[in-house]
Amino acid sequence: MSSERESALTEAVFYILLSLHRPMHGYGIMQNVEGLSGGRVSLAAGTLYGALTTLLERGWILALPGERDSRKKEYLITEEGKRAARVELKRLRELVANGSDIIGGEGL
Amino acid sequence: MKHVAWKFYTFGQVDKEEQWLNEMAARGLMLTDVFAVRYTFEQGTPGEYGYRIELLDNLPSHPESARYLRFLEETGVECVGTFARWVYLRRKTAYGPFELYSDIDSKIRHYKRITLIANVMTIMMLCFTVMFLCEAFSQYTGYLDWYRRGFSCKPYHIRYFMSSGTFLLIAAIMQVIALPVKKAIHGLKKERTIRE
Chain A
1 MSSERESALT EAVFYILLSL HRPMHGYGIM QNVEGLSGGR VSLAAGTLYG
51 ALTTLLERGW ILALPGERDS RKKEYLITEE GKRAARVELK RLRELVANGS
101 DIIGGEGL
Chain B
1 MKHVAWKFYT FGQVDKEEQW LNEMAARGLM LTDVFAVRYT FEQGTPGEYG
51 YRIELLDNLP SHPESARYLR FLEETGVECV GTFARWVYLR RKTAYGPFEL
101 YSDIDSKIRH YKRITLIANV MTIMMLCFTV MFLCEAFSQY TGYLDWYRRG
151 FSCKPYHIRY FMSSGTFLLI AAIMQVIALP VKKAIHGLKK ERTIRE
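Protein sequences, first through last, are from chains A and B.
Counting from 1, one number per residue, gives the positions in the first sequence under our numbering.
Counting from 1, one number per residue, gives the positions in the second sequence under our numbering.
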């Protein structure tokens with residue numbers, strides 16, 4: 001499994017995974033991501049819905065049992081999802097390290 | 001105060017239709033109901049709502065669509081009308097600019113749902129073209145046969161050739177209608193080579 005070359009996650013998905021380290025519902029995720037990115041990333045509802053559906057299928061997040069069909073269904077990251085986020089963070093660190101070496105710039 | 005407009009947009013002109021709805025909203029006319037080519041607007045605060053049109057994978061009544069629309073409602077989106085699989089959505093601009101898709105892949109997927117309509121129609125029309133062409137030739141050979149024997153026969157083969165041509169024309173028209181969307185997909189795919 002770890003020998004598989006895993007490709008990059010989109011930044012939207014990465015931020016969704018980060019957000020779901022705590023239980024959160026759809027609109028909450030959108031606001032949280034906007035906050036985390038300082039307004040740079042604004043997740044559109046259709047994109048979010050598609051991402052959540054795929055993440056659920058993959059088992060990277062789960063839907064929390066609440067009142068059935070209630071508004072504001074909440075989601076939470078799974079162990080598998082946490083692993084994927086860690087792998088992505090490692091990839092991002094590699095990019096930043098190389099970028100800083102070659103392009104330089106403010107320390108992070 | 002209600003204001004009714006009659007306009008015809010093809011499935012390939014969704015972007016233009018959206019643009020028109022948003023222009024009306026910027027002028028203070030909010031779309032509140034749609035039925036095919038009949039648009040109903042109501043007076044409101046200019047720029048109060050942003051509008052988007054989406055083609056669902058299934059009819060709005062389907063459970064999957066219902067789940068999606070309910071999710072959208074959680075984010076402040078309202079549905080002002082439907083037409084087959086098309087849904088007309090709006091959201092108060094107080095929530096921020098209204099976009100349904102923020103990444104290129106989702107946008108491409110949505111446009112492809114639209115070109116699928118054209119492609120399915122085209123394939124159907126091509127099938128009819130071939131069917132009627134076969135019948136036309138069959139009729140023509142029969143016509144020639146009678147002619148050579150000295151009998152005159154009504155040239156029924158002509159109407160089959162004409163029908164065949166008409167179906168081919170419709171197939172081509174479907175592709176032409178879808179052109180703006182195909183161009184949009186092409187543009188997005190190019191963008192995709194460098195960005196997400």
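Just to be clear, a hint being listed does not mean it is correct.
Taking beta-carbon pairs under 10 Å as the criterion, some of the chain A residues facing chain B (in silico) [to be verified]:
#: 1; residue: 47
#: 2; residue: 48
#: 3; residue: 49
#: 4; residue: 50
#: 5; residue: 93
#: 6; residue: 97
#: 7; residue: 98
Calculated directly from the structure, the hints in this document are not laboratory data.
All C-beta atoms in this analysis are idealised placements derived from N, C-alpha and C, irrespective of residue type, glycine included.
Each hint, compared with the structure:
With a cut of 10 Å, the hint placing residue 47 of chain A at the interface with chain B holds, because the nearest CB-to-CB distance is about 5 Å. Restraint check, residue 48 of chain A versus chain B: the minimum CB separation of about 8 Å is within 10 Å; hint holds. Contact between residue 49 of chain A and chain B, as hinted, is supported at the beta carbon level, the nearest pair being about 5 Å apart and thus within 10 Å. With 10 Å as the threshold, the beta carbon of residue 50 of chain A comes within range of chain B, its nearest partner Cβ sitting at about 6 Å, so the hint holds.
About 19 Å separates the beta-carbon of residue 93 of chain A from the nearest beta-carbon of chain B, more than 10 Å, and the hint is not met. Residue-level restraint check for residue 97 of chain A is violated (minimum Cβ-Cβ distance to chain B is 21 Å; threshold 10 Å). At its closest, the beta carbon of residue 98 of chain A sits 18 Å from a beta carbon of chain B; the interface hint therefore is violated under the 10 Å criterion.
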